[in-house]
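J.: Sequence:
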Amino acid sequence: MFKQDGAEHEQRAPRRAVKAEPEADPVSPTALLGLQRTAGNATVARMLADQPQVQRYVVVHPGEAAYPVQGTQSAQEASADFFPAQERIGDSYVDAGGEINLRYRGAVPLRISAKRDLAIEDSGSADTQIQAKAFFATERRIAEANANLKGLVTLAKAASGNFLELRRTSRFLKIKTGEDEVILWQVEPVVTHDTFLEGRVVERGLDVRLAQRCNEIATSVSGRRGLPETGVERYFAAIADVLGELTDTSSRDRKRTLAQARNAVQSTRWDDPAHRDRTDEYTEVLAGMIQETMALRDTPGYTAAVRRFKLDEFTPPPQIGDVLMIKALREDSTSGSLDFHFGAVVARSGGDYITMENFARHAANDTLSSGDPQWYFQMYGTEDPAQSWHREWDWAGRFQNRLVLSILIGG
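To convert a position in the sequence shown, counted from 1, into this note's numbering, add 657.
It should be emphasised that the hints constitute simulated quantities derived from the structure, not laboratory data.
Hints may be right or wrong, so weigh each one.
Claimed, not checked - Pairs of lysine-lysine residues, derived as DSS-like cross-links and limited to a Cα-Cα distance of at most 30 Å, are as follows: (1) Lys-912 / Lys-833; (2) Lys-772 / Lys-833; (3) Lys-772 / Lys-807; (4) Lys-772 / Lys-912; (5) Lys-831 / Lys-967; (6) Lys-831 / Lys-912.
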């Protein structure tokens, strides 16, 4: 979503003393060599056995031995249009007429979940030129998704049941692991609109039209309302938690100060002369918290605090219907043209999960809230930080003049 700039505030909050907390890192190759010399291989083997094993999704390429067999219910063979995706041409995913730039391939690199029950085209980072229009899942994962999706069409679910369902097509991937064989069916969305003029309208696959704005499509998919407002609350609550770990002012005290400043604004009419002053005071509180946190990002304890509160690359495995948020504000607490992005979880397997997303793309403003074809699916993982929602979007790397946090909105 895109917002206009807020008022500029230059006053900075004083920096607090830092309470550094060392992190527990995996055993490095150098440390392993030293341990082997002093303790022996048997001791090292026992020590490593106690460490958790990372179960991450894998990427396989066409022609590799592990690449799945492709087929349909009528023929076990690939076709030139097996994998549909939308492609960015120039700076747009749609043509002059508003239709998506479709790209079909008979074989593509695949991300396959650690449990081998989800798969999707590996299109690179989250902000990429190629975005998948379908994914693959076992019957069990499809049923699990449809049992838990609680999407909204407007203010209530469609009369037919869920607003959004995932249905299998006739195409499948066959994955062999030793003597075991798993069938993953191609999945496409089906959306039911109950309209006043046309009655019930059902859209399937590439005909599905949803909101372009990320928060609105996330609400449609998950049923979670008020995501921008919830996101702001969770963002500053997370900042208060992190600062409570790293400074002498507790998280509780910071949240109390934040609530008092916010309530002072909300209790004053907008045309009251005091409203502007209280708004400025509230903004100074927000900006001060952001500035303090940004000043601590490179300290030893920051990553440990982020890990403790399950933020950024340490967000836990989500459930179906949960929403991932990444939010980025500047030092003065304004956002400019970049504020947040949301993605709703539609399928999961262990620490791997698939979202259905869209985002405002600076074009086709008439489809910001409905009727947009540019939705897509993406797979992320929680077991390897490099595969996380936070790292895939990489706002922290791209926008270093902002405080970027990724937060799981669920439960």
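J.: Check each numbered hint from earlier against the structure, then list the numbers of those it violates in ascending order.
T.: Going through the list in order, the structure violates hints 1, 4, 5, 6 and respects the others.
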